[in-house]
Structure formats: structure tokens, C-alpha cells
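Going line by line, the protein sequences match chains A and B.
Its first residue numbered 1, the first sequence is counted upward by one per residue in the numbering used here.
Its first residue numbered 1, the second sequence is counted upward by one per residue in the numbering used here.
No wet-lab data here; the hints were simulated from the structure.
A couple of the hints might just be wrong.
As the list claims (entries may be wrong) - Subject to a maximum C-alpha distance of 25 Å in a straight line, what follows is the list of computed DSS-like cross-link-like pairs (lysine-lysine):
1. B/456 with A/335
2. B/328 with A/303
3. A/335 with B/328
4. B/303 with B/218
5. A/328 with B/41
6. B/41 with B/335
7. B/41 with A/303
8. B/335 with A/335
9. A/328 with B/328
10. A/328 with B/218
As the list claims (entries may be wrong) - To be clear about the criterion: a stretch of chain B counts as covered by chain A if any three or more of its residues have a C-beta under 8 Å from a C-beta of chain A, and this derived list gives those stretches:
11. 244-250
12. 289-298
13. 423-432
Just so you know, even glycine gets a beta-carbon here, dropped at the ideal spot from N, CA and C.
Protein chains: 2
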Amino acid sequence: MIRRDFLKTTLLGTAALVGGSSFHALAAPQPPARPGGTPLKGPIFNQDDSEFFSVRPPSEMTGEAVDAWVDSLAAAGVGTLMSCVCAARADYASRAWEPRWLGYDPQGPDDQPVLAHLPKDSIKATRRWIESEKALADAGINFHERAFARCKKRGIGAWASIRMNDLHDCNLPDSPLLSTFYKDQRDRGLIRVPYRLSGWPERALDWGRQDVRDYTMKLVREVLSFRGIEGLELDWMRFGWHFRIGRELEGGEILTEWIGQVRRLCNEAAAREGHPVRLGCRVPSNPETARLLGMDGVQWARKGLVDLLVPTPFWATCEFNMPIREWKRLLEGTKCALAGGLEIRYQPWPGANATAMTPELAVGAAMAVLAGGADHVYLFNYFAKGHLDNLWSHEGFNHTLAAMRGIEALNPLPRRHAITYRDIVAPGEPSGHLLPAAPGLGIFRLQTGPKPNGRKVQLLLELEADGEREPAAPNVRVNATPCPDPERQGKCVLLYTVPPEALTDGQTVVETTNAGSRIVRVELAIAAA
Amino acid sequence: MIRRDFLKTTLLGTAALVGGSSFHALAAPQPPARPGGTPLKGPIFNQDDSEFFSVRPPSEMTGEAVDAWVDSLAAAGVGTLMSCVCAARADYASRAWEPRWLGYDPQGPDDQPVLAHLPKDSIKATRRWIESEKALADAGINFHERAFARCKKRGIGAWASIRMNDLHDCNLPDSPLLSTFYKDQRDRGLIRVPYRLSGWPERALDWGRQDVRDYTMKLVREVLSFRGIEGLELDWMRFGWHFRIGRELEGGEILTEWIGQVRRLCNEAAAREGHPVRLGCRVPSNPETARLLGMDGVQWARKGLVDLLVPTPFWATCEFNMPIREWKRLLEGTKCALAGGLEIRYQPWPGANATAMTPELAVGAAMAVLAGGADHVYLFNYFAKGHLDNLWSHEGFNHTLAAMRGIEALNPLPRRHAITYRDIVAPGEPSGHLLPAAPGLGIFRLQTGPKPNGRKVQLLLELEADGEREPAAPNVRVNATPCPDPERQGKCVLLYTVPPEALTDGQTVVETTNAGSRIVRVELAIAAA
Numbered sequence: 001m002i003r004r005d006f007l008k009t010t011l012l013g014t015a016a017l018v019g020g021s022s023f024h025a026l027a028a029p030q031p032p033a034r035p036g037g038t039p040l041k042g043p044i045f046n047q048d049d050s051e052f053f054s055v056r057p058p059s060e061m062t063g064e065a066v067d068a069w070v071d072s073l074a075a076a077g078v079g080t081l082m083s084c085v086c087a088a089r090a091d092y093a094s095r096a097w098e099p100r101w102l103g104y105d106p107q108g109p110d111d112q113p114v115l116a117h118l119p120k121d122s123i124k125a126t127r128r129w130i131e132s133e134k135a136l137a138d139a140g141i142n143f144h145e146r147a148f149a150r151c152k153k154r155g156i157g158a159w160a161s162i163r164m165n166d167l168h169d170c171n172l173p174d175s176p177l178l179s180t181f182y183k184d185q186r187d188r189g190l191i192r193v194p195y196r197l198s199g200w201p202e203r204a205l206d207w208g209r210q211d212v213r214d215y216t217m218k219l220v221r222e223v224l225s226f227r228g229i230e231g232l233e234l235d236w237m238r239f240g241w242h243f244r245i246g247r248e249l250e251g252g253e254i255l256t257e258w259i260g261q262v263r264r265l266c267n268e269a270a271a272r273e274g275h276p277v278r279l280g281c282r283v284p285s286n287p288e289t290a291r292l293l294g295m296d297g298v299q300w301a302r303k304g305l306v307d308l309l310v311p312t313p314f315w316a317t318c319e320f321n322m323p324i325r326e327w328k329r330l331l332e333g334t335k336c337a338l339a340g341g342l343e344i345r346y347q348p349w350p351g352a353n354a355t356a357m358t359p360e361l362a363v364g365a366a367m368a369v370l371a372g373g374a375d376h377v378y379l380f381n382y383f384a385k386g387h388l389d390n391l392w393s394h395e396g397f398n399h400t401l402a403a404m405r406g407i408e409a410l411n412p413l414p415r416r417h418a419i420t421y422r423d424i425v426a427p428g429e430p431s432g433h434l435l436p437a438a439p440g441l442g443i444f445r446l447q448t449g450p451k452p453n454g455r456k457v458q459l460l461l462e463l464e465a466d467g468e469r470e471p472a473a474p475n476v477r478v479n480a481t482p483c484p485d486p487e488r489q490g491k492c493v494l495l496y497t498v499p500p501e502a503l504t505d506g507q508t509v510v511e512t513t514n515a516g517s518r519i520v521r522v523e524l525a526i527a528a529a
Numbered sequence: 001m002i003r004r005d006f007l008k009t010t011l012l013g014t015a016a017l018v019g020g021s022s023f024h025a026l027a028a029p030q031p032p033a034r035p036g037g038t039p040l041k042g043p044i045f046n047q048d049d050s051e052f053f054s055v056r057p058p059s060e061m062t063g064e065a066v067d068a069w070v071d072s073l074a075a076a077g078v079g080t081l082m083s084c085v086c087a088a089r090a091d092y093a094s095r096a097w098e099p100r101w102l103g104y105d106p107q108g109p110d111d112q113p114v115l116a117h118l119p120k121d122s123i124k125a126t127r128r129w130i131e132s133e134k135a136l137a138d139a140g141i142n143f144h145e146r147a148f149a150r151c152k153k154r155g156i157g158a159w160a161s162i163r164m165n166d167l168h169d170c171n172l173p174d175s176p177l178l179s180t181f182y183k184d185q186r187d188r189g190l191i192r193v194p195y196r197l198s199g200w201p202e203r204a205l206d207w208g209r210q211d212v213r214d215y216t217m218k219l220v221r222e223v224l225s226f227r228g229i230e231g232l233e234l235d236w237m238r239f240g241w242h243f244r245i246g247r248e249l250e251g252g253e254i255l256t257e258w259i260g261q262v263r264r265l266c267n268e269a270a271a272r273e274g275h276p277v278r279l280g281c282r283v284p285s286n287p288e289t290a291r292l293l294g295m296d297g298v299q300w301a302r303k304g305l306v307d308l309l310v311p312t313p314f315w316a317t318c319e320f321n322m323p324i325r326e327w328k329r330l331l332e333g334t335k336c337a338l339a340g341g342l343e344i345r346y347q348p349w350p351g352a353n354a355t356a357m358t359p360e361l362a363v364g365a366a367m368a369v370l371a372g373g374a375d376h377v378y379l380f381n382y383f384a385k386g387h388l389d390n391l392w393s394h395e396g397f398n399h400t401l402a403a404m405r406g407i408e409a410l411n412p413l414p415r416r417h418a419i420t421y422r423d424i425v426a427p428g429e430p431s432g433h434l435l436p437a438a439p440g441l442g443i444f445r446l447q448t449g450p451k452p453n454g455r456k457v458q459l460l461l462e463l464e465a466d467g468e469r470e471p472a473a474p475n476v477r478v479n480a481t482p483c484p485d486p487e488r489q490g491k492c493v494l495l496y497t498v499p500p501e502a503l504t505d506g507q508t509v510v511e512t513t514n515a516g517s518r519i520v521r522v523e524l525a526i527a528a529a
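Could you build all of it, start to finish, from the sequences and the hints given here?
The following block contains the structure:
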């Protein structure tokens, strides 16, 4: 399902439908072909199952359009593409799973069965999306295979990504996003939390069930037959809850065994393709949370089952303080690469207004990932057209993504580190968030990367609005060093200059006292070098 | 300083002064002497710097009393003794640090300088404690060396433990617990958070300072000269905050270097003693928190600097859900042993009433440690006389501690797993606690060890009192399985029978809905096998 305002309503992670301004694809130099396949490199870019089709009409569905889109990724310096093949249905002419357009009649009315339950204002966009997918398939083109071939020409790693438990629209009786298999499991009460349908994750498939695993293995086999595939991602974070409550550790053992089977299939595909076919997984941002949810990435890496792990938040907000250093340590001695996942939403605390990540925020989050020791930055829902058009300039998009290839390239850019929270915990695991902070004493820790020697550094605090009153500016210390009185932007936003002697490597701690109202946003802004 | 009610007022971890009932020391079989020194084994027992002296009058200060006390540990099956040598002063006739009795006049009045600032009702006990320490020293006996010799006879590992930053009484102008060095650092504003003296940890010595490190190294050298020493513990959890705010990562590098120096001194002592002199550290319960506080235990282990790490809460409560499995994984490939630390207080949430750990709770916490993969259980503040007299029977004490040697011995005992919280986080690191839980939906995850097949299992919920009203019993599921209606004990305590089909290995998740008031206590009780 396509949502127009991804900041408020979608759990899709698919593209917002925005204007169709043409993409300025710059030609990037082409690296030499390698017999061992494309080496894993960043930034890693997840392309969801809808964006390409949502922002282009069916009439533009040609192989050349796919090529041009891959070229746009090359222009942005993307190192590896994760091309998502599905939500609960496939986005291509699958024989293993139902394709999106099954049961959809392009000539039929807006109240035909697969559309009847959708919000009225989304039906037009949905129809266009489905018709675009169908148009490309009807032209005999598999989006992913076409993209992989172009990726090879442009030196971009070519991976497919499977969403292991996508739940978009799972609360609707029917939708083009829902498979017969899913609806049958749900309607028979075989889902994860059938006794409490409070949200989408409660309606997830139960991966403790053999039929769920077999059903998905069919798709895995088909996707691994794609020509040119260099890697397969199992996206366990769409959505990140796969087992009945209290059965997650048992589930984890089942999943480890199942991933071993996928590993063997990857090896078979590699023999056929003549180069490695790697296996990667997206997992919860915290390694212990991942284990407690049955996604024991550390064990998968240590058993040699996976080549790439991507700790990531779920969706609600980019997580600036992921324990990347700890992941790196846990993976030492394995051959598994580590990438840190960035989401596109920025939400300081649960329930706060969300905005899109700006380039500065994305650079800050990417810096935390790389400075923490990750090998790569991984971008989810970062769509130049689908989400970020009108928000990021095309040049800014390309420039920012390209710099995410490594810490040296990233460091000179202006960046911003923010307090957010982690949006995925295991059931019954405590979670904490620092914001909003009480006016008395607030302490905030940020992962801020290399010490920004000689650069202008400012601390932004936003206070909760309190009618017409201008809340008093708190006293602030950064790494125990007092900051002078701030500038005020409007009533509630305060900018403090951070003295050079306060700066440190790696982490920055902010202390606030005597704020005039609750603190609702904390950001450390480092100017360009 | 001795506090009479450790549950409410002490931050000492020293013994409460309770009645002097005689200890029933059972003779334990004596293992054969080993040329390599006593192997590290559990349970590991921390003896603080006051309990022995507090519960015996000066007239009983003889070498034989020390021997008898060690025999009592042997009777309880203690595997390794950690004999604490100090708070901010030494508890023996040190030449490196000031001994406790320096400046104390046994014939002087209660308002002499070192006593004048103490609570009036603690002066008598304090005098007795100091006089006992002095009496043993005046008899020419070093408590620790005497204990080590007896430990060797009884097959108990003989370690000394140094508190690296003890802060008892640090808010007083003077006390027998405060050293001249400490008072000077404090009074010159060189402590950790001189600008905000809200609690004891803010007044900690700043280990970023060379003079602090040198001052403590003198004590390390002296303690490593003790005859018979088999190991040295650096107790970084009394108290667990050692650096200026925001300078913890820099501090961690300093500490790692410093611990390398101690390691070399241990090796020198080992050459002299003719057997290994091991090095251990107590560190915060979470490995990432430990790193963020400058106590990077994982790095110490990976560099081969330490032989033992003890993740532990600080003091306020035993922590039932320490991430032991994660620690174990981080230490794989090193030669460092892992012990999980149990504290003596049980407090379900910050600010809740605290009680002492019962044998059942201690067995539950120990089971979580061993089932998580730790090599040993470590007990802090578990004093048969000083804390637990009148609370635990002597037989129960011995029986319970002896069973903590391993999971097979522990498993048949009745045990109880409880929801608490973690009481040590880095400044600006979010912390979360599950209790008190709102009446609507509560979810609680417990580390419950091996599946208790065939045993009676009950869930205890305590609801917040609400006047004379009897709050409605919530509906409960354990691992998604509904529990029948509970028995009620009084108005607010509910006992649910857990159906056998709900039981799992490793973790148990409790879900509650529609409680009549907030939930303030959650325990899973497993009957004896």
C-alpha cells in the first residue's frame, strides 16, 4: 500500500508519491569487472517493493527505465543494491508467491474486492503502482534481473531482499498487499498474538510454524534463481517480531537451522553463477534484543551462515546510538561484515512529531555507524524521488550518499547527532527514552564520531512550548564544560556554542539544569570542515 | 561506617550489626593441595572490610577467630574468598594507605574529630568495629594473610579485593572511613562532578588523574605482597563511576593501561609465590555500559590482562536479568572466567521498598547467572552474621551457597525469579524499568533457567494498595498460555498457577491485562524438584 505521508501514516517504508521531476543521473566511473563478483561495499541501498513503480506511470515501464534508475544509484555512489522483491506478495511475476496484481482488474471499479477496503484517497495511487508493476512484468521484464545486469555494468553489488514477515494492510480484510496464505493463517488464528490484535506486529506470521517456513522457502528458491544475483538479504525487520510471546528462544533455534538451509541454497546458486552468492540479514539494533526475539545474528555469523548483518531500528526513527561497537566485537573472528541501518524518520521520542532525516542528520547517524566500527552504512527508505524529493536536493542526495562509503569521505561534511530512542525491544524487555526530559536535570549521551577539531559545534535544545510564555533557557554543560548563554530561535529553540575545550572523541555528554519547560529535542551540530 | 539497617540506609555493603549467635561450622572435606594454586571455583564470596570486625568484640580478635571464620566459609561450600582490604582507608595495618584507626583515640570522647560527624546512634558500633580491627592488628595479625593461610588448608581460593573508589561517608567532613588523600582531593574540587554534589558518586575520585592512580597503585603493590595471595580483585563497583562526565572513554584507555601495570605486578607476585596470582575485576552488569563508564572489561579480557570478570549491579538491587549470555559471547576465545554478581538487596523498582534476598530469590538469581553461561556465582554482601542472621537459617545459608557451585546442584532447589531493574548506567544512557506497571497491559520477561519439568510453578503478582479496596486480579498469560484465576493472599498479592504447557527453557514472559491497580512486584516461583 502506498502512503502519501510516510512520516505520519505508513508502516510500509514504501515511497511517498511525490512529483515526477527528472533525475539528473551523473555518469560514475566504472570499476573493472571482478571474477569473484562485486565486492561488498557501501553505502548499501535498500530499494523497496514499490518506489520505482509508484513514481512512474505504467507507460514508462521499460527496461531502459530500470537501467536509468540503476544509473541514478551509481551517480549517488551506491555500493550495493538490496532490491526488495515483496511485501506479503511479490512485486514481480513470481510463480512461488502471488504477484501483487493477482485478482486486480485494471478495468474494474474502485470497489473491486482487492481495493474495496483501502482508504479512498489511496486507491488511485495504488492502482497506478500495481499497473506499473504489471506493465513491466507483461513486457517480459523481471525488474530485479534487469537491475542486476545494470548493477554489474556499474560496479554495484546486486542483491535481492526478501521481507520475511511484511504486515502492511494486515488489519484489512483484503488488499493487493495480502496473500491468500497470509489471510488464511490470520483468519485461522495462527498468527503471533491472536488473543490481542492491538497492532500490526501482533498479526505477524508465526515462524514457529513449519508451513510458514516452507511457504517462504519457495520464494527463497525462486529468488536465488534470478540471473546475476550476488547476494540474498533476509529482511527480518519487516516486521521484526516472528514468534509467539515467550517462544522466541525456541524460535531462534528454528530460525538458525532454517537459515542454514538458505545458506546451502546460496552456495548452490554460487556454483551456478560462478561467483559468491552472499547471504545477509537485517536484525534488531541491539544484539541481545535480537537474540531474545529469535534473530540471533551473532550465532548466525559465528556459525558461518551469513556474510552480512545489518543491525537497524524497526521504523519509527533512525537510532543514533546503536551499539555498533558491541556488534563489531561480537563478530570479531567471523567473516561476517557489519553494516549499520539508517531509517528515514527522525522522531526524538515515542509519540513525538516525526520529520524526515535531513542530510546533516543522515551524515551524523552514518558517522556513528562507521566510527563505531561498522564496515558499511545501510540506507532503508532513502528514496530520492519517493521520500526525499523536495526535502533533499538531488546534488545533496548524491553527495551525501557518496560520502557514506567511508569515514574519511564522511568526516568533512556538516553533521548532526540527535537523541532518539530504540523502537524495537523484545516483549517484556525494558526500554528507556531520554526525551522528553524533566526540567530539573537532564543528561544526554550522543555518539559523535571523531573529535571535530577546529570546527564550529553547536548544541540545539528545543523546549516544550508553553502558551505564549518563553521558557527559561537551561544551564548547559557539554562534557562537563559550561556553555555560554544561548541564542534563541523563536520561543523554544536554543542554540549553544560548544567551547573547543569541551570536544571529545567518540561520545559527547550534555547536561542541562533549570530548563523552563521539558526538553523535547537535543541535537549536536558540527559544521563542515 | 557500619549501618544497622542495610536495606534502607547503607551504601556500604558492610554488615548490619545483629545478634551474635554462634556459627555452626561444619567440617568440610579437604581437597588435595595443588601446586598450581587453588583453581578458580565458585561460589565466590566477597568479605567486606567491616563484617568480621563488626560482629565480634575486640576481645575476640585472635588468629583462631579468623580461622574459625574461614572454616565457616568452607562449611558453606565457598569456593573462592575475595577478602576486601579497604574502603577509602585500609582495614589492616597498612603502610601504603592509612589504616582505619588512624587518628582514633579509644580513650577519647564520642565527639573526637573522626567521630564527631557520624550519626549519634552509630558511634558505639563504629568504635567497636575500629577497636576490633586495631586489636587484631596490634596482635600482629594481618587478617587477610591469616585468612589466606586457612583458605589454603580448606581448599578455598585466596584473593584480596581492593575497592577502587569507595565513597562511604564522603559527604561528611571527617570519618574513620575517609583518608587524608580523599579529603584533600574532594576539598580541592578535584572529584568527578564538583559542580553538582547531589549524591555520593558525584564525589568520587577522578581516575583521570595521575595522582589518584599512583595513590592506589601503592596499595596494590602492598596487597600483592601478602603471603599466600592467589588473586587480586580490583573492585571497580565500589563505586562504579570513576571519570568526569563525558571523559569516560578517554578514561577507559587510561584504565586499560593502568590495569596492564597491575597485571605485570601480579606476574611478579606469582613468580615469588610459585603459583599464579590471578587478576579479576568487578564491572557494571551490562558490557556496553561498562565500556561507556571506562570499565572496558571485554577489552581487558581480550588483551589477556584479567582472569576473571564479574558483571554486577551496583547496590540497590540484585539484577535478575543481567545479559550474561552476551558477556559469555564477548569473552569467547579469551582465557578470562566469567562470574555473575549477586547483591543482597531486592528492590523491584527505583524507590520501592527493599527487602533482603531470600534463599529462593538468591537461587533464582544464581540460576540465571549459571544458565546464562557464567562459570561462577559471585556473592556480595551475603553475610551469615552481618546481614542474614535472623533472615536465613544457618543450615539454609550453607545449603544454598554450596549449591551455587554449579547448575546441577542448584537446579533441584526451590527458586524464585523476580523483576528488578539495573541500577548502574552511564551518564546520559537511557535506563528503563518495568515496574510499577500500568494496569492496562503489562509484559515482563524473566530469565528462568532450565525448564522446570514436573515442578509446581506459581506466578506472584502484587498490586498497589488502594485504601480498603481489593484491586481486581488481572488476567494473566505465561508464555502466551492463559493461567486460571489466582488465589489471593491478603488484598493485594495474587498467586497464579502456571500450567505445565506454558513452561519453557531459558526465559519466561508474563502478560497481564486489566489489573485493578498498578503492578508493583512480579515473581515466578518454582518449587523444589
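Now the hints, each set against the structure:
1. This hinted pair does not check out: residue 456 of chain B and residue 335 of chain A have alpha carbons roughly 46 Å apart, beyond 25 Å.
2. Between residue 328 of chain B and residue 303 of chain A, the direct Cα distance comes to roughly 16 Å. Compliance with the 25 Å bound is thereby established for this hinted pair.
3. Our distance criterion of 25 Å between C-alpha atoms is met by residue 335 of chain A and residue 328 of chain B, whose separation comes to about 20 Å.
4. A hinted pair counts as satisfied when its Cα atoms are at most 25 Å apart, and residue 303 of chain B with residue 218 of chain B qualifies at roughly 24 Å.
5. Taking the CA atoms of residue 328 of chain A and residue 41 of chain B, the gap is about 31 Å. The hint is violated against a cut of 25 Å.
6. A C-alpha spacing of about 15 Å is found between residue 41 of chain B and residue 335 of chain B, which places the hinted pair at or below 25 Å, so the restraint holds.
7. Restraint check for residue 41 of chain B and residue 303 of chain A: not satisfied, since their Cα atoms lie roughly 30 Å apart, outside the 25 Å limit.
8. Using a Cα cut-off of 25 Å, the hinted pair residue 335 of chain B and residue 335 of chain A holds, with the two alpha carbons roughly 22 Å apart.
9. Restraint check: the Cα-Cα separation between residue 328 of chain A and residue 328 of chain B comes to about 15 Å, which is no more than 25 Å; the hinted pair holds.
10. Of the supplied pair hints, the one linking residue 328 of chain A and residue 218 of chain B is violated, its CA atoms being roughly 37 Å apart against a limit of 25 Å.
11. Using a Cβ-Cβ cut-off of 8 Å, 7 residues of the segment 244-250 of chain B lie near chain A, which meets the minimum of three, so the contact claim holds.
12. Remark: the segment 289-298 of chain B is confirmed as covered by chain A, as 3 of its residues place a Cβ nearer than 8 Å to a Cβ of that chain, reaching the required three.
13. Here's how the segment 423-432 of chain B fares: 7 of its residues keep a CB closer than 8 Å to some CB of chain A, so the rule of at least three is met and the hint holds.
Taken one by one, the earlier hints fail for this structure at numbers 1, 5, 7, 10, listed in ascending order.
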